[in-house]
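Undergrad: Using the sequences and the hints, build the whole thing.
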Amino acid sequence: MLLIPLLVGVGLIGAGRIVPTPVAHNVAGIAALITFGLAIGVAIERPSVDRAWLPELGVRSSFAVDGISIPLVLLTALIGVLVVAHARGEVPDGGSAATFLGCLLLVVGGALTTFTARDAILFFLAFELVLIPMWVLITRFGDPHRPPARAEAGWRFVLYTAVGSTLMLVGILLLVASAHSSDLGRLLEVAPSLPRGRQLTIALLLTVGLAVKVPLFPLHTWLPSAHTIAPTAGSVLLAAVLLKMGTYGLVRFPVALVPEGFGIIAPAVAIAAVISILWGGLICLVERDLKRLIAYSSVAHMGFVVLGLATGSEVGLQAALYGNLAHGVISALLFVVVGGLKRRWGSVDLGRAWPALREVAPHRGFLLILGLAAALGLPGLAGFWGEFLVIMSAWAPRRPGLEDLFHVCAVLAAIGGLLAAAYSLRVARLIWVGDEPDTPAPGQSSEENTPLAPDSTPHVLLTRPSGDAAVDVETRGVERVVLLVLALGVIGLGLLPWLAIDIARPAVQLVLGGAP
1 MLLIPLLVGV GLIGAGRIVP TPVAHNVAGI AALITFGLAI GVAIERPSVD
51 RAWLPELGVR SSFAVDGISI PLVLLTALIG VLVVAHARGE VPDGGSAATF
101 LGCLLLVVGG ALTTFTARDA ILFFLAFELV LIPMWVLITR FGDPHRPPAR
151 AEAGWRFVLY TAVGSTLMLV GILLLVASAH SSDLGRLLEV APSLPRGRQL
201 TIALLLTVGL AVKVPLFPLH TWLPSAHTIA PTAGSVLLAA VLLKMGTYGL
251 VRFPVALVPE GFGIIAPAVA IAAVISILWG GLICLVERDL KRLIAYSSVA
301 HMGFVVLGLA TGSEVGLQAA LYGNLAHGVI SALLFVVVGG LKRRWGSVDL
351 GRAWPALREV APHRGFLLIL GLAAALGLPG LAGFWGEFLV IMSAWAPRRP
401 GLEDLFHVCA VLAAIGGLLA AAYSLRVARL IWVGDEPDTP APGQSSEENT
451 PLAPDSTPHV LLTRPSGDAA VDVETRGVER VVLLVLALGV IGLGLLPWLA
501 IDIARPAVQL VLGGAP
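Here the UniProt record's numbering is used: the first residue of the sequence shown is 1, the next is one more, and so on.
These are computed hints drawn from the structure, not numbers from a lab.
Heads up, some of the hints might be wrong.
[What the hints assert, rightly or not] Label pairs and their in silico Cβ distance ranges:
#	residue 1	residue 2	range
1	P20	P267	20 to 30 angstroms
2	P22	S48	46 to 56 angstroms
3	R186	G401	25 to 35 angstroms
4	R17	R51	36 to 46 angstroms
5	R344	P22	21 to 31 angstroms
6	P147	A422	13 to 23 angstroms
7	S61	I34	16 to 26 angstroms
8	E189	A356	53 to 63 angstroms
9	V10	R51	18 to 28 angstroms
10	V170	I132	20 to 30 angstroms
11	V10	S61	14 to 24 angstroms
Don't be surprised by glycine CBs; every beta carbon is placed ideally from N, CA and C.
TA: If you want it as C-alpha coordinates, here you go:
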(Lines of atoms letter the chains of each structure in order from A; the text may use other names.)
(Lines give C-alpha, C1' and ligand atoms only; values in the text may rest on other atoms or scores of the structure.)
Protein backbone atom coordinates (compact mmCIF):
# COMPACT_ATOMS: atom_id res chain seq x y z
CA MET A 1 0.00 0.00 0.00
CA LEU A 2 2.86 2.39 0.80
CA LEU A 3 5.44 1.30 -1.75
CA ILE A 4 3.18 1.32 -4.81
CA PRO A 5 2.37 5.06 -4.92
CA LEU A 6 5.90 5.97 -3.84
CA LEU A 7 7.73 3.78 -6.36
CA VAL A 8 5.35 4.50 -9.24
CA GLY A 9 5.47 8.21 -8.42
CA VAL A 10 9.27 8.27 -8.47
CA GLY A 11 9.29 6.25 -11.69
CA LEU A 12 6.90 8.61 -13.47
CA ILE A 13 8.83 11.68 -12.39
CA GLY A 14 12.11 10.10 -13.46
CA ALA A 15 10.72 9.13 -16.85
CA GLY A 16 9.16 12.54 -17.45
CA ARG A 17 8.40 13.22 -21.10
CA ILE A 18 9.71 9.82 -22.15
CA VAL A 19 6.42 8.26 -21.04
CA PRO A 20 3.52 9.00 -23.43
CA THR A 21 0.65 10.83 -21.76
CA PRO A 22 -1.91 7.97 -22.16
CA VAL A 23 0.57 5.49 -20.67
CA ALA A 24 1.28 7.81 -17.73
CA HIS A 25 -2.45 8.14 -17.03
CA ASN A 26 -2.98 4.38 -17.19
CA VAL A 27 -0.01 3.57 -14.97
CA ALA A 28 -0.95 6.19 -12.38
CA GLY A 29 -4.61 5.12 -12.45
CA ILE A 30 -3.76 1.46 -11.91
CA ALA A 31 -1.37 2.35 -9.08
CA ALA A 32 -4.00 4.52 -7.38
CA LEU A 33 -6.69 1.84 -7.69
CA ILE A 34 -4.40 -0.88 -6.31
CA THR A 35 -3.42 1.40 -3.43
CA PHE A 36 -7.07 2.05 -2.61
CA GLY A 37 -7.86 -1.66 -2.73
CA LEU A 38 -4.95 -2.43 -0.42
CA ALA A 39 -6.06 0.38 1.91
CA ILE A 40 -9.45 -1.29 2.26
CA GLY A 41 -7.70 -4.56 3.04
CA VAL A 42 -5.49 -2.87 5.64
CA ALA A 43 -8.55 -1.26 7.25
CA ILE A 44 -10.25 -4.66 7.54
CA GLU A 45 -7.31 -6.87 8.52
CA ARG A 46 -5.26 -4.27 10.44
CA PRO A 47 -1.85 -5.86 9.76
CA SER A 48 1.32 -4.53 11.35
CA VAL A 49 4.99 -4.45 10.36
CA ASP A 50 7.86 -4.02 12.82
CA ARG A 51 11.45 -4.47 11.65
CA ALA A 52 14.79 -2.99 12.61
CA TRP A 53 15.75 -0.14 10.29
CA LEU A 54 18.43 1.97 11.99
CA PRO A 55 19.28 -0.12 15.07
CA GLU A 56 22.17 2.16 16.06
CA LEU A 57 19.66 4.99 16.50
CA GLY A 58 16.85 2.80 17.81
CA VAL A 59 14.64 3.62 14.80
CA ARG A 60 12.43 0.84 13.52
CA SER A 61 10.43 0.36 10.34
CA SER A 62 7.15 0.06 12.22
CA PHE A 63 3.72 0.45 10.63
CA ALA A 64 0.21 -0.25 11.92
CA VAL A 65 -3.28 1.23 11.89
CA ASP A 66 -5.95 1.83 14.51
CA GLY A 67 -9.31 3.55 14.74
CA ILE A 68 -7.70 6.99 14.53
CA SER A 69 -5.67 6.34 11.39
CA ILE A 70 -8.00 4.02 9.45
CA PRO A 71 -10.48 6.74 8.34
CA LEU A 72 -7.59 8.94 7.19
CA VAL A 73 -5.92 6.06 5.34
CA LEU A 74 -9.15 5.35 3.47
CA LEU A 75 -9.74 9.05 2.78
CA THR A 76 -6.20 9.53 1.45
CA ALA A 77 -6.34 6.46 -0.79
CA LEU A 78 -9.76 7.49 -2.15
CA ILE A 79 -8.61 11.05 -2.80
CA GLY A 80 -5.60 9.59 -4.59
CA VAL A 81 -7.86 7.71 -6.99
CA LEU A 82 -10.03 10.78 -7.56
CA VAL A 83 -7.22 13.27 -8.25
CA VAL A 84 -5.50 10.86 -10.65
CA ALA A 85 -8.81 10.26 -12.42
CA HIS A 86 -9.53 13.99 -12.52
CA ALA A 87 -6.15 14.57 -14.16
CA ARG A 88 -7.38 12.72 -17.26
CA GLY A 89 -9.38 15.81 -18.08
CA GLU A 90 -6.98 18.42 -16.72
CA VAL A 91 -3.18 18.28 -16.73
CA PRO A 92 -2.04 21.87 -16.16
CA ASP A 93 0.75 23.50 -18.13
CA GLY A 94 4.18 23.38 -16.54
CA GLY A 95 5.51 19.94 -17.33
CA SER A 96 4.70 16.48 -18.56
CA ALA A 97 1.67 14.47 -17.49
CA ALA A 98 4.03 11.87 -16.01
CA THR A 99 5.65 14.45 -13.74
CA PHE A 100 2.27 15.82 -12.65
CA LEU A 101 0.84 12.38 -11.90
CA GLY A 102 4.06 11.29 -10.20
CA CYS A 103 3.86 14.24 -7.82
CA LEU A 104 0.24 13.39 -6.99
CA LEU A 105 1.21 9.80 -6.16
CA LEU A 106 4.17 10.89 -4.04
CA VAL A 107 1.93 13.14 -1.95
CA VAL A 108 -0.53 10.28 -1.48
CA GLY A 109 2.24 7.82 -0.61
CA GLY A 110 3.86 10.21 1.85
CA ALA A 111 0.54 10.88 3.58
CA LEU A 112 -0.26 7.17 3.84
CA THR A 113 3.17 6.56 5.37
CA THR A 114 2.54 9.37 7.85
CA PHE A 115 -0.81 7.94 8.93
CA THR A 116 0.55 4.41 9.41
CA ALA A 117 4.00 5.08 10.91
CA ARG A 118 4.36 3.78 14.47
CA ASP A 119 7.81 5.26 15.06
CA ALA A 120 8.22 8.95 15.89
CA ILE A 121 11.29 9.46 13.68
CA LEU A 122 9.67 7.58 10.81
CA PHE A 123 6.57 9.74 11.23
CA PHE A 124 8.67 12.88 10.87
CA LEU A 125 10.45 11.61 7.75
CA ALA A 126 7.15 10.66 6.12
CA PHE A 127 5.65 14.00 7.16
CA GLU A 128 8.42 15.79 5.27
CA LEU A 129 8.22 13.54 2.23
CA VAL A 130 5.22 15.41 0.82
CA LEU A 131 6.96 18.80 0.88
CA ILE A 132 8.86 18.62 -2.43
CA PRO A 133 6.09 17.14 -4.65
CA MET A 134 3.56 19.63 -3.28
CA TRP A 135 5.99 22.47 -3.94
CA VAL A 136 6.36 21.24 -7.52
CA LEU A 137 2.57 21.11 -7.95
CA ILE A 138 2.27 24.72 -6.77
CA THR A 139 5.24 26.29 -8.56
CA ARG A 140 5.27 24.35 -11.84
CA PHE A 141 1.65 23.38 -12.38
CA GLY A 142 -0.12 26.30 -10.69
CA ASP A 143 -2.03 29.18 -12.28
CA PRO A 144 -0.34 29.67 -15.70
CA HIS A 145 -1.31 33.36 -15.82
CA ARG A 146 0.64 34.26 -12.67
CA PRO A 147 4.24 32.91 -12.68
CA PRO A 148 5.50 35.34 -9.99
CA ALA A 149 2.59 34.42 -7.73
CA ARG A 150 3.36 30.72 -8.25
CA ALA A 151 6.91 31.21 -7.07
CA GLU A 152 5.83 33.31 -4.09
CA ALA A 153 3.16 30.82 -3.00
CA GLY A 154 5.55 27.89 -3.38
CA TRP A 155 8.33 29.46 -1.36
CA ARG A 156 5.93 30.67 1.31
CA PHE A 157 4.65 27.10 1.59
CA VAL A 158 8.22 25.81 1.91
CA LEU A 159 9.27 28.48 4.42
CA TYR A 160 6.32 28.00 6.75
CA THR A 161 6.56 24.23 6.53
CA ALA A 162 10.31 24.30 7.19
CA VAL A 163 9.88 26.42 10.32
CA GLY A 164 7.09 24.18 11.59
CA SER A 165 9.06 21.06 10.79
CA THR A 166 12.11 22.35 12.65
CA LEU A 167 10.07 22.94 15.80
CA MET A 168 8.41 19.55 15.42
CA LEU A 169 11.75 17.79 14.95
CA VAL A 170 13.21 19.40 18.07
CA GLY A 171 10.10 18.36 20.02
CA ILE A 172 10.27 14.79 18.74
CA LEU A 173 13.99 14.47 19.51
CA LEU A 174 13.44 15.84 23.02
CA LEU A 175 10.57 13.41 23.50
CA VAL A 176 12.58 10.44 22.25
CA ALA A 177 15.61 11.39 24.35
CA SER A 178 13.45 11.78 27.45
CA ALA A 179 11.58 8.49 27.00
CA HIS A 180 14.55 6.53 25.53
CA SER A 181 12.35 5.20 22.73
CA SER A 182 10.90 6.33 19.42
CA ASP A 183 8.20 3.65 19.32
CA LEU A 184 4.78 5.29 19.64
CA GLY A 185 3.40 2.38 21.66
CA ARG A 186 6.25 2.61 24.14
CA LEU A 187 6.01 6.40 24.23
CA LEU A 188 2.31 6.16 25.10
CA GLU A 189 3.29 4.15 28.18
CA VAL A 190 6.27 6.23 29.29
CA ALA A 191 5.87 9.82 28.06
CA PRO A 192 2.77 10.78 30.13
CA SER A 193 4.84 10.27 33.30
CA LEU A 194 7.59 12.69 32.27
CA PRO A 195 8.15 15.73 34.52
CA ARG A 196 5.67 18.56 34.13
CA GLY A 197 8.23 21.06 32.83
CA ARG A 198 9.58 18.64 30.25
CA GLN A 199 6.05 17.84 29.06
CA LEU A 200 5.26 21.54 28.69
CA THR A 201 8.37 22.16 26.57
CA ILE A 202 7.65 19.18 24.33
CA ALA A 203 3.97 20.10 24.01
CA LEU A 204 4.82 23.68 23.01
CA LEU A 205 7.32 22.63 20.36
CA LEU A 206 5.08 19.95 18.87
CA THR A 207 1.87 21.98 18.99
CA VAL A 208 3.32 25.09 17.36
CA GLY A 209 5.18 23.03 14.77
CA LEU A 210 2.09 21.05 13.82
CA ALA A 211 -0.18 24.12 13.98
CA VAL A 212 1.60 25.40 10.87
CA LYS A 213 0.30 22.45 8.88
CA VAL A 214 -3.24 22.52 10.35
CA PRO A 215 -3.07 25.60 9.85
CA LEU A 216 -4.03 27.52 12.99
CA PHE A 217 -4.18 31.29 13.40
CA PRO A 218 -1.79 33.16 13.17
CA LEU A 219 0.25 30.54 11.26
CA HIS A 220 -2.28 30.20 8.44
CA THR A 221 -1.18 32.87 5.99
CA TRP A 222 0.58 30.45 3.61
CA LEU A 223 -2.63 28.53 2.89
CA PRO A 224 -4.81 31.00 0.90
CA SER A 225 -2.05 31.82 -1.57
CA ALA A 226 -1.17 28.14 -2.02
CA HIS A 227 -4.80 27.23 -2.70
CA THR A 228 -5.35 30.13 -5.06
CA ILE A 229 -2.34 29.24 -7.21
CA ALA A 230 -2.37 25.43 -7.01
CA PRO A 231 -4.03 23.33 -9.73
CA THR A 232 -7.32 21.70 -8.81
CA ALA A 233 -5.72 18.36 -7.91
CA GLY A 234 -3.14 20.16 -5.78
CA SER A 235 -5.82 22.10 -3.91
CA VAL A 236 -7.76 18.90 -3.28
CA LEU A 237 -4.69 17.12 -1.88
CA LEU A 238 -3.74 20.16 0.17
CA ALA A 239 -7.14 20.50 1.83
CA ALA A 240 -8.24 16.87 2.04
CA VAL A 241 -4.91 15.24 2.91
CA LEU A 242 -2.08 17.56 3.95
CA LEU A 243 -4.06 19.55 6.52
CA LYS A 244 -5.16 16.27 8.07
CA MET A 245 -1.53 15.36 8.68
CA GLY A 246 -1.27 18.34 11.03
CA THR A 247 -4.31 17.49 13.14
CA TYR A 248 -3.38 13.79 13.12
CA GLY A 249 0.04 14.73 14.46
CA LEU A 250 -1.57 16.77 17.23
CA VAL A 251 -3.59 13.74 18.31
CA ARG A 252 -0.66 11.32 18.13
CA PHE A 253 1.91 13.48 19.88
CA PRO A 254 1.01 16.35 22.25
CA VAL A 255 -2.54 15.20 23.03
CA ALA A 256 -1.66 11.53 23.57
CA LEU A 257 1.97 11.54 24.72
CA VAL A 258 2.35 14.67 26.88
CA PRO A 259 -1.22 15.22 28.12
CA GLU A 260 -0.21 17.23 31.17
CA GLY A 261 1.90 19.60 29.10
CA PHE A 262 -0.81 19.94 26.46
CA GLY A 263 -3.35 20.60 29.22
CA ILE A 264 -1.32 23.61 30.35
CA ILE A 265 -1.37 25.20 26.90
CA ALA A 266 -4.92 24.03 26.09
CA PRO A 267 -6.48 27.45 26.92
CA ALA A 268 -4.15 29.19 24.46
CA VAL A 269 -4.83 26.51 21.86
CA ALA A 270 -8.59 26.94 22.34
CA ILE A 271 -8.33 30.72 21.97
CA ALA A 272 -6.26 30.37 18.79
CA ALA A 273 -8.82 27.88 17.46
CA VAL A 274 -11.72 30.26 18.10
CA ILE A 275 -9.84 33.14 16.48
CA SER A 276 -9.29 30.88 13.45
CA ILE A 277 -13.03 30.16 13.31
CA LEU A 278 -14.04 33.82 13.54
CA TRP A 279 -11.22 35.24 11.42
CA GLY A 280 -11.77 32.72 8.66
CA GLY A 281 -15.51 33.39 8.67
CA LEU A 282 -15.13 37.17 8.60
CA ILE A 283 -12.64 37.06 5.73
CA CYS A 284 -15.03 34.83 3.78
CA LEU A 285 -17.73 37.50 4.06
CA VAL A 286 -15.64 39.93 2.01
CA GLU A 287 -13.28 37.71 -0.02
CA ARG A 288 -13.84 37.97 -3.76
CA ASP A 289 -11.73 35.11 -5.10
CA LEU A 290 -13.77 31.94 -4.62
CA LYS A 291 -10.74 29.64 -4.23
CA ARG A 292 -9.30 31.91 -1.54
CA LEU A 293 -12.70 31.98 0.12
CA ILE A 294 -12.74 28.18 0.36
CA ALA A 295 -9.18 28.30 1.71
CA TYR A 296 -10.21 30.69 4.48
CA SER A 297 -13.24 28.53 5.21
CA SER A 298 -10.79 25.65 5.70
CA VAL A 299 -8.97 27.73 8.31
CA ALA A 300 -12.28 28.18 10.11
CA HIS A 301 -13.25 24.51 9.87
CA MET A 302 -9.87 23.34 11.13
CA GLY A 303 -10.35 25.74 14.03
CA PHE A 304 -13.34 23.64 15.08
CA VAL A 305 -11.18 20.51 14.91
CA VAL A 306 -8.47 22.01 17.12
CA LEU A 307 -11.03 23.37 19.58
CA GLY A 308 -12.35 19.83 20.01
CA LEU A 309 -8.83 18.59 20.76
CA ALA A 310 -8.30 21.37 23.30
CA THR A 311 -11.34 20.36 25.37
CA GLY A 312 -9.59 17.16 26.49
CA SER A 313 -12.85 15.19 26.52
CA GLU A 314 -13.76 12.02 24.68
CA VAL A 315 -16.61 13.79 22.91
CA GLY A 316 -14.25 16.58 21.85
CA LEU A 317 -11.64 14.21 20.47
CA GLN A 318 -14.27 12.14 18.66
CA ALA A 319 -15.79 15.31 17.21
CA ALA A 320 -12.37 16.53 16.09
CA LEU A 321 -11.55 13.27 14.33
CA TYR A 322 -14.95 13.17 12.64
CA GLY A 323 -14.74 16.84 11.66
CA ASN A 324 -11.29 16.20 10.24
CA LEU A 325 -12.65 13.46 7.99
CA ALA A 326 -15.75 15.43 7.00
CA HIS A 327 -13.74 18.50 6.05
CA GLY A 328 -11.58 16.36 3.79
CA VAL A 329 -14.57 15.26 1.73
CA ILE A 330 -16.34 18.64 1.73
CA SER A 331 -13.26 20.64 0.76
CA ALA A 332 -12.41 18.19 -2.01
CA LEU A 333 -15.92 18.57 -3.45
CA LEU A 334 -15.77 22.36 -3.35
CA PHE A 335 -12.31 22.62 -4.88
CA VAL A 336 -13.20 20.31 -7.77
CA VAL A 337 -16.37 22.31 -8.47
CA VAL A 338 -14.66 25.69 -8.24
CA GLY A 339 -11.53 24.49 -10.03
CA GLY A 340 -13.69 23.53 -13.00
CA LEU A 341 -15.24 26.99 -13.03
CA LYS A 342 -11.87 28.71 -12.91
CA ARG A 343 -10.44 26.56 -15.70
CA ARG A 344 -13.36 27.37 -18.01
CA TRP A 345 -14.12 30.95 -16.99
CA GLY A 346 -10.52 32.01 -16.36
CA SER A 347 -11.49 33.51 -13.02
CA VAL A 348 -13.74 32.91 -10.02
CA ASP A 349 -13.91 36.54 -8.98
CA LEU A 350 -17.10 37.20 -7.03
CA GLY A 351 -16.76 40.88 -7.91
CA ARG A 352 -17.76 40.16 -11.52
CA ALA A 353 -21.15 39.25 -12.90
CA TRP A 354 -21.37 35.57 -13.87
CA PRO A 355 -24.13 33.52 -15.47
CA ALA A 356 -26.44 31.79 -12.99
CA LEU A 357 -25.27 28.20 -12.59
CA ARG A 358 -28.85 27.09 -12.03
CA GLU A 359 -29.44 27.98 -15.68
CA VAL A 360 -26.16 27.25 -17.49
CA ALA A 361 -24.81 24.33 -15.40
CA PRO A 362 -27.43 22.94 -13.00
CA HIS A 363 -25.40 19.85 -12.07
CA ARG A 364 -22.30 21.84 -11.15
CA GLY A 365 -24.46 24.42 -9.43
CA PHE A 366 -26.24 21.79 -7.36
CA LEU A 367 -22.92 20.28 -6.27
CA LEU A 368 -21.65 23.72 -5.29
CA ILE A 369 -24.77 24.28 -3.19
CA LEU A 370 -24.37 20.82 -1.64
CA GLY A 371 -20.77 21.58 -0.67
CA LEU A 372 -21.69 24.98 0.75
CA ALA A 373 -24.60 23.47 2.71
CA ALA A 374 -22.28 20.86 4.18
CA ALA A 375 -19.66 23.50 4.98
CA LEU A 376 -22.16 25.62 6.92
CA GLY A 377 -23.17 22.58 8.97
CA LEU A 378 -26.60 21.75 7.59
CA PRO A 379 -28.05 18.75 9.48
CA GLY A 380 -27.95 15.56 7.46
CA LEU A 381 -24.68 16.46 5.73
CA ALA A 382 -21.09 15.74 6.72
CA GLY A 383 -20.30 19.13 8.23
CA PHE A 384 -23.00 19.10 10.90
CA TRP A 385 -21.91 16.47 13.39
CA GLY A 386 -18.33 17.57 13.82
CA GLU A 387 -19.13 21.22 14.53
CA PHE A 388 -22.17 20.42 16.69
CA LEU A 389 -20.26 17.95 18.86
CA VAL A 390 -17.27 20.29 19.15
CA ILE A 391 -19.52 23.03 20.51
CA MET A 392 -21.08 20.53 22.93
CA SER A 393 -17.66 19.37 24.11
CA ALA A 394 -16.52 22.97 24.61
CA TRP A 395 -19.56 23.52 26.82
CA ALA A 396 -18.56 20.51 28.95
CA PRO A 397 -14.73 20.36 28.74
CA ARG A 398 -12.45 18.03 30.63
CA ARG A 399 -10.40 20.95 31.89
CA PRO A 400 -11.11 21.64 35.59
CA GLY A 401 -11.12 25.34 36.40
CA LEU A 402 -11.38 26.39 32.76
CA GLU A 403 -15.09 25.84 32.26
CA ASP A 404 -15.89 29.56 31.89
CA LEU A 405 -13.24 30.02 29.22
CA PHE A 406 -14.49 27.07 27.22
CA HIS A 407 -18.10 28.25 27.60
CA VAL A 408 -17.08 31.51 25.92
CA CYS A 409 -15.26 29.51 23.24
CA ALA A 410 -18.41 27.45 22.65
CA VAL A 411 -20.51 30.59 22.16
CA LEU A 412 -17.96 32.16 19.83
CA ALA A 413 -17.66 28.93 17.85
CA ALA A 414 -21.44 28.93 17.41
CA ILE A 415 -21.19 32.49 16.08
CA GLY A 416 -18.57 31.19 13.68
CA GLY A 417 -21.16 28.72 12.45
CA LEU A 418 -23.49 31.62 11.72
CA LEU A 419 -20.73 33.33 9.76
CA ALA A 420 -20.37 30.15 7.69
CA ALA A 421 -24.06 30.33 6.86
CA ALA A 422 -23.71 33.99 5.87
CA TYR A 423 -20.80 33.55 3.48
CA SER A 424 -22.27 30.37 2.01
CA LEU A 425 -25.50 32.22 1.20
CA ARG A 426 -23.45 35.05 -0.30
CA VAL A 427 -21.68 32.67 -2.67
CA ALA A 428 -24.95 30.95 -3.54
CA ARG A 429 -26.55 34.31 -4.35
CA LEU A 430 -23.74 35.35 -6.67
CA ILE A 431 -22.97 32.04 -8.41
CA TRP A 432 -26.11 29.91 -8.20
CA VAL A 433 -28.67 32.70 -8.59
CA GLY A 434 -26.41 34.96 -10.66
CA ASP A 435 -27.18 38.19 -8.80
CA GLU A 436 -25.13 41.29 -9.51
CA PRO A 437 -22.09 41.46 -7.21
CA ASP A 438 -21.63 44.10 -4.59
CA THR A 439 -19.93 47.22 -5.92
CA PRO A 440 -16.19 46.82 -5.34
CA ALA A 441 -14.27 49.44 -3.46
CA PRO A 442 -12.41 51.89 -5.71
CA GLY A 443 -8.89 50.73 -6.54
CA GLN A 444 -9.47 47.25 -5.16
CA SER A 445 -7.99 44.14 -6.78
CA SER A 446 -10.55 41.50 -7.67
CA GLU A 447 -8.20 38.59 -7.01
CA GLU A 448 -6.24 39.54 -3.92
CA ASN A 449 -8.39 42.16 -2.16
CA THR A 450 -5.33 44.41 -1.98
CA PRO A 451 -5.16 48.03 -3.11
CA LEU A 452 -4.12 48.67 -6.70
CA ALA A 453 -2.65 51.74 -8.24
CA PRO A 454 -5.13 53.60 -10.48
CA ASP A 455 -3.48 52.29 -13.64
CA SER A 456 -2.92 48.75 -12.35
CA THR A 457 -4.59 45.68 -13.82
CA PRO A 458 -5.89 42.63 -11.96
CA HIS A 459 -3.56 39.65 -11.66
CA VAL A 460 -5.82 37.21 -13.47
CA LEU A 461 -6.34 37.51 -17.21
CA LEU A 462 -9.90 36.53 -18.02
CA THR A 463 -10.45 34.24 -20.96
CA ARG A 464 -13.96 35.48 -21.64
CA PRO A 465 -16.06 38.57 -21.05
CA SER A 466 -17.97 38.77 -17.80
CA GLY A 467 -21.45 37.41 -18.11
CA ASP A 468 -20.83 35.40 -21.27
CA ALA A 469 -22.93 32.27 -20.91
CA ALA A 470 -21.55 30.63 -24.05
CA VAL A 471 -18.72 28.89 -22.19
CA ASP A 472 -19.79 25.39 -21.17
CA VAL A 473 -19.10 24.96 -17.44
CA GLU A 474 -21.27 21.90 -16.86
CA THR A 475 -19.67 18.76 -15.44
CA ARG A 476 -18.64 16.18 -18.01
CA GLY A 477 -17.12 12.71 -18.12
CA VAL A 478 -14.58 11.80 -15.45
CA GLU A 479 -15.08 15.07 -13.60
CA ARG A 480 -18.76 14.26 -13.11
CA VAL A 481 -17.89 10.81 -11.72
CA VAL A 482 -15.35 12.33 -9.31
CA LEU A 483 -17.89 14.87 -8.09
CA LEU A 484 -20.56 12.19 -7.70
CA VAL A 485 -18.28 10.10 -5.47
CA LEU A 486 -17.47 13.12 -3.30
CA ALA A 487 -21.14 14.13 -3.11
CA LEU A 488 -22.06 10.64 -1.94
CA GLY A 489 -19.34 10.91 0.69
CA VAL A 490 -20.73 14.22 1.95
CA ILE A 491 -24.24 12.75 2.22
CA GLY A 492 -23.11 9.37 3.57
CA LEU A 493 -21.02 10.83 6.39
CA GLY A 494 -23.91 13.10 7.31
CA LEU A 495 -26.45 10.28 7.48
CA LEU A 496 -24.15 7.62 8.99
CA PRO A 497 -21.72 9.47 11.28
CA TRP A 498 -21.46 6.50 13.61
CA LEU A 499 -19.41 4.63 11.00
CA ALA A 500 -16.43 6.89 11.64
CA ILE A 501 -17.16 7.51 15.31
CA ASP A 502 -17.45 3.84 16.30
CA ILE A 503 -14.22 2.93 14.51
CA ALA A 504 -12.28 5.55 16.44
CA ARG A 505 -13.81 5.03 19.91
CA PRO A 506 -11.41 2.36 21.30
CA ALA A 507 -8.34 4.26 20.10
CA VAL A 508 -9.70 7.53 21.49
CA GLN A 509 -10.23 5.95 24.90
CA LEU A 510 -6.67 4.62 24.80
CA VAL A 511 -5.30 8.06 23.93
CA LEU A 512 -7.23 9.72 26.75
CA GLY A 513 -6.13 7.08 29.24
CA GLY A 514 -3.15 9.19 30.16
CA ALA A 515 -4.94 12.51 30.20
CA PRO A 516 -5.31 14.30 33.52
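Undergrad: None of the hints should be skipped; say for each whether it holds.
TA: Evaluated hints:
{"no.": "1", "hint": "P20 / P267: 20 to 30 angstroms", "verdict": "57 angstroms, violated"}
{"no.": "2", "hint": "P22 / S48: 46 to 56 angstroms", "verdict": "38 angstroms, violated"}
{"no.": "3", "hint": "R186 / G401: 25 to 35 angstroms", "verdict": "32 angstroms, holds"}
{"no.": "4", "hint": "R17 / R51: 36 to 46 angstroms", "verdict": "37 angstroms, holds"}
{"no.": "5", "hint": "R344 / P22: 21 to 31 angstroms", "verdict": "24 angstroms, holds"}
{"no.": "6", "hint": "P147 / A422: 13 to 23 angstroms", "verdict": "35 angstroms, violated"}
{"no.": "7", "hint": "S61 / I34: 16 to 26 angstroms", "verdict": "21 angstroms, holds"}
{"no.": "8", "hint": "E189 / A356: 53 to 63 angstroms", "verdict": "60 angstroms, holds"}
{"no.": "9", "hint": "V10 / R51: 18 to 28 angstroms", "verdict": "22 angstroms, holds"}
{"no.": "10", "hint": "V170 / I132: 20 to 30 angstroms", "verdict": "22 angstroms, holds"}
{"no.": "11", "hint": "V10 / S61: 14 to 24 angstroms", "verdict": "18 angstroms, holds"}
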